[in-house]
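**Q** Chains as they are written, first to last, in my numbering: chain W, 1 to 381; chain B, 1001 to 1260.
Errors might be hidden in some of the hints.
[To be verified] Heads up, simulated DSSO-like pairs for lysine-lysine below, C-alpha to C-alpha not over 30 Å straight-line:
1) B:K1178 <-> B:K1154
2) W:K10 <-> B:K1017
3) W:K46 <-> B:K1195
4) B:K1178 <-> W:K46
5) W:K10 <-> B:K1154
6) B:K1195 <-> W:K305
7) B:K1232 <-> W:K46
8) B:K1197 <-> W:K10
9) B:K1232 <-> W:K10
10) B:K1178 <-> B:K1049
11) B:K1154 <-> B:K1232
12) W:K46 <-> B:K1049
13) B:K1197 <-> W:K305
14) B:K1178 <-> B:K1232
15) W:K10 <-> W:K305
[As the list claims (entries may be wrong)] Negatives, chain B to chain W, calculated, CB over 12 Å:
16) G1020
17) L1074
18) M1076
19) A1090
20) T1120
21) G1130
22) E1182
23) I1191
24) R1229
25) V1248
26) D1252
27) L1254
Simulated from the structure, these hints should not be mistaken for laboratory data. The beta carbon of each residue, even a glycine, is placed where N, CA and C say it ideally should be.
Listed below, chain by chain, are the residues.
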Amino acid sequence: MDFSVPDDVKLLQSTVREFVRDRLAPLTMQVEHDDAVPSEVLQEMKDLGLFAIPFAEEYGGGGFGELGYCVAMEELGAVNAAYSNIIGGHCSLSGAAIALAGSDHLKQRYLPAMATGEKLGAFALTEPNAGSDAAHIQTTARRDGDHYVLNGSKLWVSNGPMADLYTVFAVTDKEQGSKGVTAFVVDRDTPGLTIGKVDEKMGLRGSKTSEIFFDECCVPAENVIGEEGRGFRVAMQTLDGGRIALGASCVGQAQTALTMSIQWSRQRVQFGRPIASNQAIQWMLADSEVDVHAGRWMTYHAAWKIDSGQRASHEAAVVKVYCSEMLNRVVDRAVQVHGGMGYMKEFDIERMYRDARIVRIYEGTSEIQRMIIADDLLRDE
Amino acid sequence: MNIVVCVKQVPDTTARKELGPDFRLNRAALESVVNPFDEYAIEEALRLKEANGGEVVVLVMGPPSAEDIIRKTLAMGADRAVHVTDPALAGTDWSGTCAVLSTALRRIPHDLVLTGTESTDARSGLVPGGLSEALGIPLVTYAVKLELDAESIKVHRQVPGGYQEVQTPLPAVVSVVKGANEPRYPSLKGIMSAKRKEIQKLTLADLDIDPASVGLHGARTVVTASQARAEKSSGEVARPETPEEAAVIIADFLQARKYI
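Chain W on its own, in the form it takes in the complex (with noise of 0.2 Å):
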């Protein structure tokens, strides 16, 4: 057993924390307040190559596996989940899709312009009327010679509003269920697809999210992704990788958060002492601790499970619900420890409270990963 971090991804670690904390760092109240990330910012990062992280060498990618990827992830939730949730949206949604399960034709026509950042992908599977019951979407794909026509709308797209592909859900045959899903890629500019307007949140500003439509759209059939009929297992397998990188991001907001607590609470004095000379606050402090430690490791190590060939659902679903629940407490902590000044917007605390929220929710909520994690456990031998 060996849990080193090897070389090539502790260098690409040292890059981006050093990139983050000149470049993005100073941005977050900018950010914040504009809810969005100015494109010359976007830009560095896609020159950077954080676009590209996961990606194969093949296709333009950086080859780094699920693990680099969590690393850089990790990195980037530290300073703003709006980062991360635009790097996931692009890399472990979208492109993953593409890259698990698209044509080779498909892959080399997509991710080396995904990998640059020339072109930002979207995932549309939620709908007004299927979130966790992901299965019965209701946007329909009905074939039309050598072209599939999409009715239906997506919602909460994230990069909906900026992307330039959408890996997309749709129903091609209603009497299968989820066997009757397909995944497609479609272009912006395909001639009925129309996006909505930007979705106001609670937090992860900086990060937009859409309603997408679609009114008889025209989609070629060489971009369904896999085969027709296998777009749930796309779209189930995709969430895996995905849920392991939002696993990272939570163990990078959630280190920043007790980072901050720390710093706090070394310096605030009350009662003539600092307030981390009090137990109440070193026990919220060790908690936290214990917290984050658990949450990292527990998300390097299922991404050494997909990097090593292996699958990782189960471990997924147990990353996904852990860290979104960890950083939930390590967040609230982080706000009682700085007492009233973690409830002022000038504080980041204030936004990584109201960040973190969502993930409990997105990507499956905790209580469908609770589900799987049963299932897992109970299913017959």
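Based on the hints, put chain B in the right spot on chain W.
**A** Coordinates of chain B only, in the frame set by chain W:
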């Protein structure tokens, strides 16, 4: 155009440093980084290569662990690296460093040798001069801008109150100042390709250097005492009423110290 950049591994500049009983830095416990001053020299070398072609070779003298920082320079874009490493080098001072680096440099074809102005740990700033002396080639220090032609290099040197233009034939040693450029981050592609780049390892025996002439015993500088740096004083606090008043206070302060 072949450019060799001399790079040093130093302890992380933000880390708390402690000296051992022999006045040597306890490096084992410290994260190490590329000497930040050297990053400007690397960046300058990469830009010259991008404009003029050729090869950028990074030359490092340091323990085996220096490989981490060598990988970073390769990830930034250097073509290959030469790593002189030998247990007998522990404790080598600036004069030994110059002897080793210059001997290695004689075996690496070069038109230009770039260095930082100093290292953040020892801070002697003596190596660029020592290299030029040992190699018998011109030295230009404190470069802010470099322009190459086929046989010479034009350098803008930072001097108080402005810059001085110096032209020198090649090969030459040029030290690049902090702030001459903005060193690039290694790109992620660069990190991957760095894995496949060559790091040539050389020992003292490979370079025909007598181990007794280097290391702590060969050192020509001896540290006899050390003292912790005084705590930073709290400074002066001015409370001007108007922006105009504030501007005058700052200008007077800077002028009194000859910054402006």
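**Q** Taking each numbered hint in turn, which are not upheld by the structure, reported in ascending numerical order?
**A** 5, 7, 9, 11, 17, 18, 22, 23
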